[in-house]
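Following the hints, put chain B in place on chain A, whose structure we already have.
Sequence order for the protein chains is A and B.
Going by this note's numbering, the first sequence opens with residue 1, and the numbers climb by one from there.
Going by this note's numbering, the second sequence opens with residue 1, and the numbers climb by one from there.
Which copy? The list can't say, so a pair holds if one copy fits it or any two copies do.
With a straight-line Cα cutoff of 25 Å, these simulated SDA-like cross-link-like pairs (lysine to any residue) come out:
id: 1; residue 1: Lys20; residue 2: Lys315
id: 2; residue 1: Lys18; residue 2: Arg64
id: 3; residue 1: Lys308; residue 2: Glu382
id: 4; residue 1: Lys332; residue 2: Asn319
id: 5; residue 1: Lys315; residue 2: Asp91
id: 6; residue 1: Lys315; residue 2: Asn279
id: 7; residue 1: Lys45; residue 2: Val17
id: 8; residue 1: Lys262; residue 2: Leu316
id: 9; residue 1: Lys55; residue 2: His310
id: 10; residue 1: Lys24; residue 2: Ile51
id: 11; residue 1: Lys55; residue 2: Gly89
id: 12; residue 1: Lys315; residue 2: Ser302
id: 13; residue 1: Lys332; residue 2: Ala301
id: 14; residue 1: Lys142; residue 2: Gly101
id: 15; residue 1: Lys142; residue 2: Arg120
id: 16; residue 1: Lys45; residue 2: Asp15
id: 17; residue 1: Lys20; residue 2: Thr46
id: 18; residue 1: Lys142; residue 2: Gly89
id: 19; residue 1: Lys262; residue 2: Asn109
id: 20; residue 1: Lys129; residue 2: Lys315
id: 21; residue 1: Lys55; residue 2: Leu88
id: 22; residue 1: Lys24; residue 2: Lys315
id: 23; residue 1: Lys325; residue 2: Glu289
id: 24; residue 1: Lys233; residue 2: Asn188
id: 25; residue 1: Lys268; residue 2: Glu331
id: 26; residue 1: Lys142; residue 2: Ile103
FYI, nobody ran anything at the bench for these hints, they're computed from the structure.
These numbers were taken from a predicted model, which means no experiment stands behind them.
2 protein chains.
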Amino acid sequence: MQIIVQKYGGSSVADFVKIKLIAKKISEVTKKDTGVVVVVSAMGKTTNQFIEMAKNISENPPRREMDMLLSTGERITMSLLCMALNELGIDSISLTGSQCGIITDDRHNNARVIEVRPFRVQDELAKNKVVVVGGFQGVSYKRDITTLGRGGSDTTAVALAAALNAERCEIYSDIDGVYSADPSLVENAKHLKEISYQQMQEMSSNGAVVLNSQAVQFAKEKNIAIYARSTFKPGNETVVRNFPSGKSKGVFAVVYENNIIKVLFNSKSEKSFNDLLNNLEQGQIQIKELNYYLFGNNLSASFLISPKDHYNWGKLEHNLREIYKDELIFEKDYSTLSLIGEGLNKDNTVLIESKKILRENKINIFGISTTSYRISILVNKEQLEQSINLCHKNWIENE
Amino acid sequence: MQIIVQKYGGSSVADFVKIKLIAKKISEVTKKDTGVVVVVSAMGKTTNQFIEMAKNISENPPRREMDMLLSTGERITMSLLCMALNELGIDSISLTGSQCGIITDDRHNNARVIEVRPFRVQDELAKNKVVVVGGFQGVSYKRDITTLGRGGSDTTAVALAAALNAERCEIYSDIDGVYSADPSLVENAKHLKEISYQQMQEMSSNGAVVLNSQAVQFAKEKNIAIYARSTFKPGNETVVRNFPSGKSKGVFAVVYENNIIKVLFNSKSEKSFNDLLNNLEQGQIQIKELNYYLFGNNLSASFLISPKDHYNWGKLEHNLREIYKDELIFEKDYSTLSLIGEGLNKDNTVLIESKKILRENKINIFGISTTSYRISILVNKEQLEQSINLCHKNWIENE
Numbered sequence: 001m002q003i004i005v006q007k008y009g010g011s012s013v014a015d016f017v018k019i020k021l022i023a024k025k026i027s028e029v030t031k032k033d034t035g036v037v038v039v040v041s042a043m044g045k046t047t048n049q050f051i052e053m054a055k056n057i058s059e060n061p062p063r064r065e066m067d068m069l070l071s072t073g074e075r076i077t078m079s080l081l082c083m084a085l086n087e088l089g090i091d092s093i094s095l096t097g098s099q100c101g102i103i104t105d106d107r108h109n110n111a112r113v114i115e116v117r118p119f120r121v122q123d124e125l126a127k128n129k130v131v132v133v134g135g136f137q138g139v140s141y142k143r144d145i146t147t148l149g150r151g152g153s154d155t156t157a158v159a160l161a162a163a164l165n166a167e168r169c170e171i172y173s174d175i176d177g178v179y180s181a182d183p184s185l186v187e188n189a190k191h192l193k194e195i196s197y198q199q200m201q202e203m204s205s206n207g208a209v210v211l212n213s214q215a216v217q218f219a220k221e222k223n224i225a226i227y228a229r230s231t232f233k234p235g236n237e238t239v240v241r242n243f244p245s246g247k248s249k250g251v252f253a254v255v256y257e258n259n260i261i262k263v264l265f266n267s268k269s270e271k272s273f274n275d276l277l278n279n280l281e282q283g284q285i286q287i288k289e290l291n292y293y294l295f296g297n298n299l300s301a302s303f304l305i306s307p308k309d310h311y312n313w314g315k316l317e318h319n320l321r322e323i324y325k326d327e328l329i330f331e332k333d334y335s336t337l338s339l340i341g342e343g344l345n346k347d348n349t350v351l352i353e354s355k356k357i358l359r360e361n362k363i364n365i366f367g368i369s370t371t372s373y374r375i376s377i378l379v380n381k382e383q384l385e386q387s388i389n390l391c392h393k394n395w396i397e398n399e
Numbered sequence: 001m002q003i004i005v006q007k008y009g010g011s012s013v014a015d016f017v018k019i020k021l022i023a024k025k026i027s028e029v030t031k032k033d034t035g036v037v038v039v040v041s042a043m044g045k046t047t048n049q050f051i052e053m054a055k056n057i058s059e060n061p062p063r064r065e066m067d068m069l070l071s072t073g074e075r076i077t078m079s080l081l082c083m084a085l086n087e088l089g090i091d092s093i094s095l096t097g098s099q100c101g102i103i104t105d106d107r108h109n110n111a112r113v114i115e116v117r118p119f120r121v122q123d124e125l126a127k128n129k130v131v132v133v134g135g136f137q138g139v140s141y142k143r144d145i146t147t148l149g150r151g152g153s154d155t156t157a158v159a160l161a162a163a164l165n166a167e168r169c170e171i172y173s174d175i176d177g178v179y180s181a182d183p184s185l186v187e188n189a190k191h192l193k194e195i196s197y198q199q200m201q202e203m204s205s206n207g208a209v210v211l212n213s214q215a216v217q218f219a220k221e222k223n224i225a226i227y228a229r230s231t232f233k234p235g236n237e238t239v240v241r242n243f244p245s246g247k248s249k250g251v252f253a254v255v256y257e258n259n260i261i262k263v264l265f266n267s268k269s270e271k272s273f274n275d276l277l278n279n280l281e282q283g284q285i286q287i288k289e290l291n292y293y294l295f296g297n298n299l300s301a302s303f304l305i306s307p308k309d310h311y312n313w314g315k316l317e318h319n320l321r322e323i324y325k326d327e328l329i330f331e332k333d334y335s336t337l338s339l340i341g342e343g344l345n346k347d348n349t350v351l352i353e354s355k356k357i358l359r360e361n362k363i364n365i366f367g368i369s370t371t372s373y374r375i376s377i378l379v380n381k382e383q384l385e386q387s388i389n390l391c392h393k394n395w396i397e398n399e
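Excised from the complex, chain A in its bound form (with noise of 0.2 Å):
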């Protein structure tokens, strides 16, 4: 028996008649021989309306209950997909994260897979059942629900098409695929037919959201190709699989993010350092661009976090402020641009022309870091938009 797994974004089962015309096109795929394994998400907005209604209650939920809260989104829709389903006579069973074997660490909010055991997938499949999985969500060794994270449906998807030997991992979402940029802010963005995990990852861990970094991360471990789709537009695709990169094509994309935190640190005390560190990471706040330097006895540190994610940011950046005081400056409203591509820092033609463009239309740089991959700068959030446009022009319009 050949598996497909196939997975639906919010966006795709937002209400009563997406869902009914999801289960139209399962049972277009539904066939002898075929196991169809369905990752849904929660509906539309569904998990922003969680957290809302959790912040009504507490400013700082405890995390492994914001899990528990958040995780029934997940299974609204896949019990109201399996009941459309059943409507067109297939045959087909929900399934929790947890009844799917997905077993994760204990990190809460933002849970490792570490194990997937699919014996009552299988199970369910051999009966000629189409599964529809809660994505998202998983089971630590402790039996506590867990959440995978912004994204979190893809790894759910990848995770068991992998664990299960899928022929194909369907990615379905209001995109229909990966472009060199964001096409709802560069009008002339190109459609990529194919691309790299390495590439993809690339992407994912600068700011696109088409799909999630650990997601791809799973796929390149199995050699599972991801075909990357719109829910009601089909046509177009990305396949996102290995393939050899052949000659260097130099800058293929430009991706950003936003809401970024550029954090300042001065002290006297590598102590209080350590400290600010260890808070960051119980916050499970990422660091990223650090730099740190000691003048005689004055440390001086710098780095950006990017927590838009993280529904207690409100709360830890109140207690940061009064533990650390003067020694800790938040500045906000920047944003990253990065130039994705192979071979970027083989010399520095790219990153000297970049700057060039940018500064010769009066954009503010605030901060760059290179690696082979990748070119990104900080920019204040005002320029992002006309950055990101100038770059995409020059780096992949005009070439």
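Chain B only, in chain A's frame:
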């Protein structure tokens, strides 16, 4: 460690303000050497909203998927309540029916608790945590999520109280205990300070919604005292427990059930009647007051059903009409009124006088059934309220 189990119904946790008030109430009973287990229902009308959602997708949703959907309601409440407790500095943890070890049969939508394995609850109590439990749900031996039917959170509370050997079980709702009649219909309904398990079960089985009948059965088996109280108006309470009934007290309560359908069946085929019973069983429709006659070759049967809580009754009724055509007649809009007491059939005085009073007031009587604990009378729903008041005045207010 003494253990207290509290249960809060849907109206007690209907919004964020109420959830915070409940957290405050709980914080007042937590102390050293007292383990507190709190069972919660879904917020306000959530369960009904889920049923409406399902109806948007399917007239006849699979029962298993319905349970998956409905069980999320209590999970939302329990996680929010833990967040509110955390705000007050009370250490707590939410547990699903499955995590509490509430093992049921696989009769989805109306499952019976067959065993409780509360190891996780005991572990968390030993860590001095308040354990907040999602009521109304369990897990079948097939490891599927089940729900326990209307009022099922009461069953969760009493079943846990029994398994944990709790000191007592407190059931909080918007009514301060059990009355001799529904206070919203009968002005002079009498508050009952104390009532036996047997009496309470008789009331619950015949329409009183203040306590679930299966819950009272559990309490009786394990001799757990139930305290029925008002959440937000403390003071009064009704204790349900074992006590010697003393001399017969006659009628002590008048309860009722609405939306009763009288089913008439006439056929030449006994197989046809057996099929009908099987159809109703598959639809989980309980039949009451069966009368069955054979006149020569003609089989004639009548019985009562009250499918108001069966979300898929509409579809089932349609199917039954298609199958049995002229053999089957549904007469709708009846109500039953039941006088509850002890030794009611030791002679016929209660029956004769009740009939007389109702007749004198032009109440049409469509059926009567009697046991030692109960006299039930079938009336038109329009005449129900008047009938209740007439009987209550005669047997309770004037005694």
